[in-house]
Amino acid sequence: MNSGQEAQFIRELNQHTGIIHRVCRIYFTDPVDRQDVFQEIVYQLWKSYPSFKGESKFSTWMYTVALNTAFSQIRKEKRSIQQEPLHDHLSEITPYQPSDMEEQMKHLYSAIDTLSMVDKAIVLLYLEDNSYEEIAAVTGLTKTNVSVRLVRIKRKLEEKLKETN
Amino acid sequence: MKSLDEAKKCWSESKENKQVELPGDEVKQIIRQRIRKEKKVLFEYFWASYIWQFIIYVAMTNMIIRFWGDLRIVVVSLVGILMYIPFTIVFIKKFTKMSGKTNGSFQSLRSNLKLQWNKMNEFFVFKRRFDWLGIPVSCFILTVIIFKLWVPGGWEEHLTGALIVYLFAIIAFLIATVIENRKRFKKPLYKLSLIIKEIEEEQ
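Residue numbers (our numbering), protein chains in the order written: chain A, 1 to 165; chain B, 1001 to 1203.
I should point out that these hints are in silico values taken from the structure, not numbers from a laboratory.
Beta carbons: idealized from backbone N, C-alpha and C, even for Gly.
Among these hints, one or two may not hold up.
Unchecked claim - When the alpha-carbon atoms are kept at most 30 Å apart in a straight line, the in silico BS3-like pairs for lysine-lysine are as follows:
no., chain 1, residue 1, chain 2, residue 2
1, B, 1119, A, 154
2, A, 120, B, 1114
3, A, 120, B, 1191
4, A, 143, B, 1119
5, B, 1191, A, 106
6, A, 57, A, 162
7, A, 143, B, 1191
Unchecked claim - In silico contact screen, one side only, chain B against chain A (beta carbon under 7 Å); selected entries:
no., residue
8, 1024
9, 1027
10, 1034
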C-alpha cells in the first residue's frame, strides 16, 4: 500500500471506527480481548484494503472483514493478550453515555449475548441500519433467509427485553 | 425498551457518542505490531515442524557417511530421507496455503468460513496420511540408529529390546500426534463446522 492509499485508508477507517467497536463489544466481554480483536480487525482491514474495489459501500466491506475476523478470533481457544499499550481511548470501548441509555444498552447487549454467533451478526447489521441486501451480502445468506431469521431473532430478543424490563 | 424497533432507536442514538478517531500513527503502530505477531505465530509452528525434518536429514546423512559400507544402514537412512523430502515440499506448500489467512480479500461470512474449513481440512487430511506412514517408519529408523550407535551388537542381537524401544517410540509419537491434531485441527474444524451448519440451515 502506498502512502496515498494509506492516508485514504486511515481517513475512511476513521469515519467508521464505531463499527469495529460494536463488533468487538457484541462478541467479546473481556476488555483485553476486545482490544486485541480491535487491533486484529484494523490489521485485517489494512491488509485487505488494496483489494477493496468499491463495489460495495466501505462500511459494508468493513462489516464483512470485521465479522470474519471476530469469528476467527472466537474459534481460537487461546489468544495472545500481550500487546503494546496503545492510547487510552482504544481500551475505552464503551464511552460515556447518559445513565438511562447506558442501562438500556446494557439490557440490549445482554439480550444479544444470548444469541448464536451468526444471529448476533445479523442483528448487529440490522441495528446498524443495513438493508436486507447488505445483510445478505455480508453473511452469505439469501435475502429471504435474512428476513426469516430476523423475525425469529426479533421475537427472541423482545422476549428477553421484556424479561429484563 | 420492549421492542426491537425501540432498541434500534436507542442503538443509533448511542452510536453518536461512539465515533472515536484513530490517529494515523496509532494505526501504523497497530499494523507493525500485528505483522510481528503474525510472523511469530507462523514461525512457531512452521519452524517446530521444519526443525524436526531438518534433524532427520542431518541424522540420516550422518548415518550414510558414517556407515557407508553397511548396506542396511545406508538403505534405511536413504528411505528416511526419500520419505521426508516430498513431505517437506508438500508441507511447505500446504502450510503456506493454509496460513494465508485472507489472501487480501474477504467474501461473505459463509464463503470465508467454508474456505477456511476446506483449507484446514485439506492440510489435516494430508498430515494424517503422512502420520500413518511417517510414524512407524520414523520410529523404525530411530530404533535402528539408537541400537547401531549405542548398543553393542545392534538391533539384530537385541531383537526384543529393539522391539520394546520401537513400541515405546510409536506410543510416544502417537500420543504427541493425537494431542497436536486435536488442538490444532480437530477442535477448530469442529467449531468451524458448527458455525457453517448454523449458517446453512434453512438455506
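Now for the hints, and whether the structure bears them out:
1. B:1119 x A:154: The given pair, whose Cα atoms are some 35 Å apart, is violated under the 30 Å limit.
2. A:120 x B:1114: Between residue 120 of chain A and residue 1114 of chain B the Cα gap is close to 19 Å, so the pair holds against 30 Å.
3. A:120 x B:1191: Holds, at about 16 Å.
4. A:143 x B:1119: Holds. Residue 143 of chain A to residue 1119 of chain B sits at ~28 Å (cutoff 30 Å).
5. B:1191 x A:106: 28 Å, holds
6. A:57 x A:162: Given that 30 Å is the threshold and the Cα spacing comes to 35 Å, the pair is violated.
7. A:143 x B:1191: 25 Å, holds
8. 1024: 5 Å, holds
9. 1027: 5 Å, holds
10. 1034: Status holds, d = 4 Å.
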